[in-house]
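There are 2 protein chains.
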Amino acid sequence: MPEKLKIPEGYRQTKQRKAILDVLENAEIPITAEDIYLKLKEKCIDISLSTIYRNLEMLCKEGLVVKSYVMNEDKARFALPDKKNYLICEKCGKIVIIDNCPFDKFKEELKEVHGFDITGHSVEVYGICPDCRS
Amino acid sequence: MPEKLKIPEGYRQTKQRKAILDVLENAEIPITAEDIYLKLKEKCIDISLSTIYRNLEMLCKEGLVVKSYVMNEDKARFALPDKKNYLICEKCGKIVIIDNCPFDKFKEELKEVHGFDITGHSVEVYGICPDCRS
DNA sequence: TTGATTTTGCAAATGATTTGCATTTGAAAA
DNA sequence: TTTTCAAATGCAAATCATTTGCAAAATCAA
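In the order they appear, the protein sequences are chains A and B. All residue numbers for the first sequence refer to our numbering, where the first residue is 1 and numbers rise by one. All residue numbers for the second sequence refer to our numbering, where the first residue is 1 and numbers rise by one.
Just so you know, the hints here were simulated from the structure itself, not pulled from any lab data. This one's a predicted model, so the numbers in the text were calculated from it and none came from an experiment.
To give an idea of the chain A side of the interface with chain B (calculated C-beta under 7 Å), a few residues:
| id | residue |
| --- | --- |
| 1 | TYR69 |
| 2 | LEU87 |
| 3 | VAL123 |
| 4 | VAL125 |
Quick look at which bits of chain B chain A covers, simulated, 3 or more residues with Cβ under 8 Å:
| id | stretch |
| --- | --- |
| 5 | 65-73 |
| 6 | 124-130 |
Ideal Cβ placement from N, Cα and C applies to all residues, glycine included.
Construct all of the structure, not just a fragment, from the sequences and the given hints.
Okay, here's the thing in structure tokens:
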């Protein structure tokens with residue numbers, strides 16, 4: 001049961017904003033701006049693409065959403081932070097979320113070696129999914 | 001001493017192709033198509049951007065080059081596979097290559113859990129570099 | 001309810017990347 | 001070496017995701 005995300009302090013509660021956040025909360029995998037547009041259109045919520053992009057930008061800046069790119073795709077994908085690490089099948093494009101990303105263990109080591117304070121990371125793993133292998 | 005990369009079998013040896021590969025071999029970090037264009041212009045090698053993009057696409061398909069995106073940047077970066085994992089400073093944008101990516105150890109686990117045959121991965125880590133912290 | 005301010009929608013602008021096509025070039029064959 | 005032809009290039013135009021300007025609509029505090 002995912003706790004409902006709140007629109008960050010200082011921003012107004014618009015129905016578009018809430019609708020976008022709602023789509024992101026219910027998405028299984030990272031989705032594109034257009035995916036959001038279409039999903040909302042299905043629910044008869046009319047919203048302009050620029051509004052979607054503007055909100056996505058705001059949500060990323062506030063850290064509620066993470067933007068990423070998939071190889072050979074020409075558009076950005078957006079997801080809540082817990083869905084930012086994923087496997088992509090090179091054949092069919094299927095995306096599977098990696099839970100419990102082991103990368104966290106590596107943060108300390110990175111800090112020691114490079115002196116960076118790590119604030120976040122994004123992992124994309126490519127492979128062939130079971131369905132495509134057979 | 002990096003061994004000179006060879007243009008893949010089945011493709012012609014053009015001077016543009018060799019020049020692009022040469023720039024990539026000498027790059028410390030992932031670079032953009034335009035970086036390549038400018039670097040070659042410095043060396044008085046005139047080449048069109050479309051040729052660069054076409055070759056980059058080919059090199060990616062052949063696995064000699066890896067494409068990636070950096071958050072808040074609007075263009076793709078390209079690098080040899082050994083430079084595909086990196087740290088990015090959120091303040092100054094500095095990029096530092098991660099050698100010996102620990103992710104390899106995780107491949108087996110991913111295969112077991114999700115059934116994917118892993119073919120590659122890309123890791124971007126964000127943080128604040130030592131210079132920007134102080 | 002009002003008013004100041006934020007958001008939105010629309011259409012136009014942007015900018016990286018792609019594509020069509022005529023011309024040039026590499027390399028296999030003669 | 002010369003010939004031959006598919007592959008590669010350069011240029012300009014086309015694409016297409018994303019951004020931006022601006023007037024109208026919506027939010028929310030007073």
